[in-house]
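Chemist: Dock chain one against chain two, each of which comes alone in its own frame, and use the hints as you go.
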Amino acid sequence: MIGTGILKGMAVTARNFVGSYFDKERLITVQYPEERIPLPENYRNFPFLIYDGNDSHAGLRCVACKICEKECPPQCIYIVKSQDKKPDYMGKPQFYPKVFDIDISVCMSCQICVEVCPFEAIKMDKEFELSQRERFDHLLLRKEQLSKSNEYYHKIHPVEAATVDKGLADAATAAEAKKRAAAEAAAKAAAAKAAAAAAAKAKPAADAPSPSPGSS
Amino acid sequence: MSAVVETIEAMERPPLSMGSRLEGELLEVSMGPQHPSTHGVFRMNVALDGEIVRKLKPVFGYLHRNHEKIGENTSYLGSMPYTDRLDYFCSMTNNWAYALSVEKLAGIEVPERAEYLRVILAELTRLQNHASLLGFLLSDMGAWGTPLMYAFREREKILDLFESLAGSRMMCDYMRFGGCRVDASEEWLAGAQQIVDRFPKFLDEFEELILGNEIVIGRTQNVGKLSAELAVNAGITGPMLRACGVNYDIRKIDCYGFYPRFKFRIPLGEHGDTYDRLMMRALEMRESVEILKQAFAQIAPGPIVNPKVKVRAFRPPVGEAYGRIEGPKGELGFYLISDGAPNPYRYRVRPPSFINLTVLEDLCLGHTVADVMVILGSIDIVMGEVDR
Numbered sequence: 001m002i003g004t005g006i007l008k009g010m011a012v013t014a015r016n017f018v019g020s021y022f023d024k025e026r027l028i029t030v031q032y033p034e035e036r037i038p039l040p041e042n043y044r045n046f047p048f049l050i051y052d053g054n055d056s057h058a059g060l061r062c063v064a065c066k067i068c069e070k071e072c073p074p075q076c077i078y079i080v081k082s083q084d085k086k087p088d089y090m091g092k093p094q095f096y097p098k099v100f101d102i103d104i105s106v107c108m109s110c111q112i113c114v115e116v117c118p119f120e121a122i123k124m125d126k127e128f129e130l131s132q133r134e135r136f137d138h139l140l141l142r143k144e145q146l147s148k149s150n151e152y153y154h155k156i157h158p159v160e161a162a163t164v165d166k167g168l169a170d171a172a173t174a175a176e177a178k179k180r181a182a183a184e185a186a187a188k189a190a191a192a193k194a195a196a197a198a199a200a201k202a203k204p205a206a207d208a209p210s211p212s213p214g215s216s
Numbered sequence: 217m218s219a220v221v222e223t224i225e226a227m228e229r230p231p232l233s234m235g236s237r238l239e240g241e242l243l244e245v246s247m248g249p250q251h252p253s254t255h256g257v258f259r260m261n262v263a264l265d266g267e268i269v270r271k272l273k274p275v276f277g278y279l280h281r282n283h284e285k286i287g288e289n290t291s292y293l294g295s296m297p298y299t300d301r302l303d304y305f306c307s308m309t310n311n312w313a314y315a316l317s318v319e320k321l322a323g324i325e326v327p328e329r330a331e332y333l334r335v336i337l338a339e340l341t342r343l344q345n346h347a348s349l350l351g352f353l354l355s356d357m358g359a360w361g362t363p364l365m366y367a368f369r370e371r372e373k374i375l376d377l378f379e380s381l382a383g384s385r386m387m388c389d390y391m392r393f394g395g396c397r398v399d400a401s402e403e404w405l406a407g408a409q410q411i412v413d414r415f416p417k418f419l420d421e422f423e424e425l426i427l428g429n430e431i432v433i434g435r436t437q438n439v440g441k442l443s444a445e446l447a448v449n450a451g452i453t454g455p456m457l458r459a460c461g462v463n464y465d466i467r468k469i470d471c472y473g474f475y476p477r478f479k480f481r482i483p484l485g486e487h488g489d490t491y492d493r494l495m496m497r498a499l500e501m502r503e504s505v506e507i508l509k510q511a512f513a514q515i516a517p518g519p520i521v522n523p524k525v526k527v528r529a530f531r532p533p534v535g536e537a538y539g540r541i542e543g544p545k546g547e548l549g550f551y552l553i554s555d556g557a558p559n560p561y562r563y564r565v566r567p568p569s570f571i572n573l574t575v576l577e578d579l580c581l582g583h584t585v586a587d588v589m590v591i592l593g594s595i596d597i598v599m600g601e602v603d604r
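As given, the protein sequences belong to chains A and B, one line each in that order. At position 181 of the first sequence the residue is numbered 181 (my numbering), and the sequence of numbers has no breaks. At position 281 of the second sequence the residue is numbered 497 (my numbering), and the sequence of numbers has no breaks.
Excised from the complex, chain B in its bound form (with noise of 0.2 Å):
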C-alpha cells in the first residue's frame, strides 16, 4: 500500500469547483458489489475527493466456490466442465488451457485435425469475447443497448455454433484430454466459414459506429494510461499488455496448438490508455478472423481424438505442468500435479482477469467515478474467473 500512498502524495490536487467544507475530506463510497456495470459481483471501496478517485480498494471473494479445491477432489475429467464456469464466456479457451496442461503432463498427443478444431473454436471464443467486451464497453460509457445489442447479435451466432457443435452455448464442455469430443461436420465448418466471411462487416459496422464517435474519444483517450513497466512488473498479459506496446502473445512464444502454421500479425497499441486497450479488441478480431480462414482452408479430415486416452480411471504419471494458452483476456494457465492419482494432488488456475485486474488503483486514481466504470470494463473481467 505505501507504493499507493506515494502516488497520491506526488499527485497534484486539482481545485474543487465547489470550495466547499468537504474539500480536503475524502468521502469513502462502496461501489458494488450489485452495482450495475462492475460486471458481476465486484466492489470497489473507493475514497473520493469531490468527483476524483484519490483511493481505490478492490474487494474480491463475492463469487469464490472453491473452484481450486474441487479440482483437486474430482478426477482429471471431472474437472473439465468446471473450467466452463471460470470465464463463462471463453469456455472453449478453458477448456483447451485444461486439457493442454493435462497433455502437457501425461505425454499425450494430439491429432492433427482435434488441433486445427481447437485453433478454430478458440479463435471464434475470441471472436465472440472481443465483440461482447466492445459492447458492455460501451454500455459503461452510457451508450445504453444499441452497441451492446449488435455486438450480442454476431456474438449469438457464434454461439449457435458452438451449440450445434458442442450442444451448449456457452458451457460448451467441448475438447477432452487428447482431442475433442465431437467432430465437426461438413456443413458446420461451411456454416462457420460463411459467418467468419462476414464478420469484417459487421467489423466496419462497428468501427463507423463507435471508433470516430467524439464522445467515445473523450472518455477513452488518456484515461486509465497504463505504463509499459507497471503492466510487465504487475504480470499483466493480454489485450491489456500489447495496448502498452509490448510485444507479448503467448501464440507466438510458446508455439503452442497449430498457431505456427498461420501468418498474423500482433497490433500493438502506443499510448497504454483506454482508447488503446478497446482499439486493440478491434484490431485482433481482423486477425483472428484472418487465422481462422487460413484454418478453415487447411483442415483436412481425420481423428479427433487420441484412442490411447482412457476416459474411466485416467491417471497421469507422476509429475508436474503447467499449460497455458493466450486466452481472450490474456494468459490463461493451469499448474497440476499429480501423485500418480486419479484426481490431480494440487490444481492451480492462473487467471488472466484476476491478475489483470491488480493495476486498476493505479488506473483509476485522479479519474472521476465514472472513469472508473470505463477503464474496468476495458480491464475486461469475468467475475467467475476473478473469484473462481
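Excised from the complex, chain A in its bound form (with noise of 0.2 Å):
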C-alpha cells in the first residue's frame, strides 16, 4: 500500500523523539558553555613551550635548535637564537630561544613540532577558547604566552607527562653515569699514567741520577 514506507519511517522519527527523553542513547548533546565533554587525553590543539621548575626564563628546555621551524608545514614558528648561553636541565650550558613566536592563524595543529623535538621543549596544549579582539597580534603568541610550566603539562597529558618525564631522567641518569664514568676513566687513566710516568723514572733513576723529576 503506498504512504506504508512514510508511516514507517514516522514512526522511527516518533520513537527517537520520545526516545531522547529517556534513553542517554538518542539524546548526545550537552549545553556548550555550561556542560562540557571532558577532553581525551590524547587530545591536541596548539603547541606550547615547557619549562622545568618555577622559572619560565631558566627552567626553559628549548634549546634554539631550529628543527620545529625547520620541519613545520606551513611555516608558522619563528626562532631567534640568543647570543649568550645558559644552563639545561641537565646543567649544560645551552643557547635559548630570545624570540620564540608561534602564528597560530596559520598553525594547523599537525603535532609534527612535538614529534621532531629531540628535547622534549614543545608540547601541544588542549586550551581551545582562544576567540580574540583582533586578528593579527592577538593570536601571533610570543614566547611569554607560550611558556607553560612542566605541572600544567602533567595536568592536561599526565600518562605522555610521566613518560616523558621518565626518558629525562633516565637520559640525565645515563649522562651523570657517563660523566662518572667518564671521570672513573680519565682518573684511572691519570693514574695509570702517574704509574707510568714513576716507573719511567724510577728507572732512569736506577741507571743513573735524573737531572730534573718530572720532565717526562
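By construction, these hints were calculated from the structure, which means they are not laboratory data. Be a bit skeptical, because a hint or two may be false.
[Stated by the list, open to error] Pair by pair, the computed Cβ-Cβ distance ranges are:
no., chain 1, residue 1, chain 2, residue 2, range
1, A, LYS98, B, ASN559, 23 to 31 Å
2, B, PRO416, A, GLU134, 49 to 57 Å
3, B, ARG477, A, GLU134, 52 to 60 Å
4, B, GLU241, A, GLN31, 50 to 58 Å
5, A, GLN31, B, ASP413, 28 to 36 Å
6, B, ASP399, A, PRO93, 34 to 42 Å
7, A, GLU115, B, LEU446, 43 to 51 Å
8, A, GLU115, B, GLY556, 20 to 28 Å
9, B, LYS273, A, GLN31, 41 to 49 Å
10, A, MET10, B, LYS524, 54 to 62 Å
11, B, LYS285, A, GLU184, 54 to 62 Å
[Said to hold, decoys possible] If you want the footprint, here are the derived chain B segments under chain A, 3+ residues with CB under 8 Å:
no., stretch
12, 288-299
13, 357-369
14, 375-388
15, 429-436
[Claimed, not checked] Among chain A residues calculated to face chain B with C-beta under 8 Å, some are:
no., residue
16, ILE6
17, ASN16
18, PRO40
Predicted, not measured: the structure shown is a model, and the values here were computed from it. Yeah, the Cβ is synthetic: ideal placement off N, Cα and C, and Gly gets one too.
Modeler: Here's what the structure looks like:
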C-alpha cells in the first residue's frame, strides 16, 4: 500500500523523539558553556613550550635548535637564537630562544614540531577557547604566552608527561653515569699515566740519577 | 563537448506544460558556488529548458589551494597533515593512501599491529563517511534535518573514537611511514568494538526510516542512470562504479593492507541509478561492520611503527611509486617521484570525487533542477578533494 513506507519512517522519528527523553543514547547533545564533555587525553590543539621549575626563563627546555621551525609544514614558528648561553636541565650550557613566536592563525595542529623535537621542549596544548578581539597580533603567541610549566603539562596530558619525565630522568641518569664513568676512566688513565711516569722515572733513576724530576 | 551536443540532439524533448514564448529558448542559470546544496563551493552553469536540464557545465577551482605544489615543496612527512585536508571527511584513508605510496617508494615494512589499526580506522572512516553521505543525500531531497541528525549522531561516536586516539576529530594526521603514530589501548579497542557492535542497529533503523519511503523511491529510482560502459570509460571508481554492476574493489584487487585476511563481500548494483548508489552505501556499511568485527578479533599486541624509518631528514631512494587504496569515495591514489631529495620531485593526487564528478553532465541531462541536487549528492563529493 502506498504510504506505508512514510508511516514506517514516521514511526522511527517518533521513537527517536520520545526516546530522547529517556534514553541517553538518543540524546547526545550537551549545553556547551555550562556543560562540558571532558577532553580525551590525546586531544591536541596548539603547541606550547615547557619549562621546568618556577622560572619560565631559567627552566625553559628549548635550546633554539630550530628543527621545529624547519620541519613545520605551514611554517608558523619563528625563532631567534640567543647570543649567550644558559644552563639546561642537566646543567649543560645551551643557547635559548631570544624570540619564539607561533602564529596560531597559521598553525594547523599537526604535531610534527612535537615529534621532531629532540629535547621534549614543545608539546601540544588543550586550550581551545582562543577567541581574540584582534586578528593579527593577538593570534601571534610570543614566548611569554607560550611558556607553560611542566606541572601544567602533567595536568593536561598525565600519561604522556609521566613517560616524558621518565625519559628525561633516564637520560639525565645515563648522562650522569657516563660522566662518572668518563671521570673514573679519566682518573684511571691519569693513575695509569702517573704510574707509568713513576715507573719511567724509577727506571732512569735506577740507571742514573735524573736531572729533573717530572720531566717526562 | 561534441559528445554532449549529440546527446542533447538525440534526446526527445518533453513538451513544456507552459507552452509559452520561452519554448525553445534555453535559460542559463549559474548554480553555486554558494548554493546550500552544492556540498561546498561548487558551481554549475546549467542551461534550462523550463525545468529540464539541457546542458550542464561544472566550474571547479573555488577551493583550489595548491595542494600538489605544496607537497612538492615540503618534506615527505610534512605533506601528511595536508592530506587530511583533501577529503576532510576521511582523513584516515587519505593518510593511509599517502603512507602506502611513500612506503612503496622507500620499501618500508609495516608491523602487523599497525596494519590492523589501519584497517580498523579505514573501515570506521568508511562507516562515518557513508552514514553522513546518506544524511546529506536525504537532506538534498528535502528531508531537512532528521536523517542528517540521526546520521551525525552515529558519526559523532566514531569521530570521538578518532579524537581519543589521534587527538583530533577530523584532521587526524594519524598514520606515519611504516606504521601509526599512537598505539590504541585495550580500552579504546573495547570502546570501538562496542560502537561497531551497535552500528547495525542504527543501520536497521535508518533503512526503516528511508529506504521504504515512497518519496525517496520516487526521487531516486531511474534518476541519474549511469551505464557501466560510460562509468568504466570515464574512470569512475568506488560505490558509484559498483552501483552500475561492475565488480571492481581495490581492496580485493590490490590486496593492500591485510584485506586478504578478512572475509567480506562486495555489494553490486544493477541499474546504476541514484537509488542503487544510495543502497550501495547502506550495504557497504554492513560489510565494513563485518570487516571490523574480524579485525577486532584478530588484532594482537605488538609494535606499531617500523623503527628503521627516520622522522627527521627522511629521504627515500630515487624512483617513483603509485600507491592506491579503496577510499570511501573511490580509488584514492598518490603518485610520487623522488629524486633523492627530502621533498618529492612530483606529488600527484588521484582524487576519487573529482573524477567521479566528470560524468555529472551525462547523469543530469533530461532531469529537473531538483534532481541535479540529488544526483550531485549521490556522487559523494567533497570540494576539498575536488579542487585540492
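Chemist: Look at each hint and say if it fits the structure.
Modeler: The hints, checked one at a time:
For LYS98(A) paired with ASN559(B), a C-beta distance near 29 Å keeps the hint of 23 to 31 Å intact. Between PRO416(B) and GLU134(A) the CB atoms are about 50 Å apart, so this pair conforms to the stated range of 49 to 57 Å. Hint check: ARG477(B) to GLU134(A), Cβ distance near 55 Å, so the stated range 52 to 60 Å holds. Range check, GLU241(B) to GLN31(A): Cβ separation about 54 Å, and the 50 to 58 Å hint holds.
One distance hint, 28 to 36 Å for the beta-carbon pair GLN31(A) and ASP413(B), holds here, with the actual separation near 30 Å. The hint said 34 to 42 Å for the Cβ distance between ASP399(B) and PRO93(A), and at roughly 37 Å that hint holds. Taking 43 to 51 Å as the suggested C-beta distance range, the pair GLU115(A) and LEU446(B) conforms, at roughly 46 Å. Under the hint 20 to 28 Å, the C-beta atoms of GLU115(A) and GLY556(B), about 23 Å apart, fit the expected range.
Against the hinted window of 41 to 49 Å, the Cβ-Cβ separation of LYS273(B) and GLN31(A) comes to about 46 Å, which satisfies the hint. At about 59 Å, the beta-carbon gap between MET10(A) and LYS524(B) stays in the expected band of 54 to 62 Å. The given range of 54 to 62 Å is respected by LYS285(B) and GLU184(A), whose C-beta atoms sit roughly 57 Å from each other. Chain A is given as covering the stretch 288-299 of chain B, and this holds because 8 residues of the stretch bring a CB closer than 8 Å to a CB of that chain, at least three being needed.
Counting residues of the stretch 357-369 of chain B whose CB falls under 8 Å from any CB of chain A gives 3; the rule of at least 3 is met. Against chain A, the stretch 375-388 of chain B contributes 8 residues with a C-beta closer than 8 Å to a partner C-beta. That satisfies the three-residue criterion, and the hint holds. Closer than 8 Å: that is the beta-carbon criterion, and the stretch 429-436 of chain B has 5 residues meeting it against chain A, so the requirement of 3 holds. Satisfaction of the interface hint for ILE6(A) is found here, the shortest Cβ-Cβ separation to chain B being roughly 6 Å, below the 8 Å cut-off.
Checking ASN16(A) against chain B by beta carbon gives a least distance of about 7 Å; that is within 8 Å, so the hint holds. Hint status for PRO40(A) relative to chain B: holds, with the closest Cβ pair at about 4 Å, below 8 Å.
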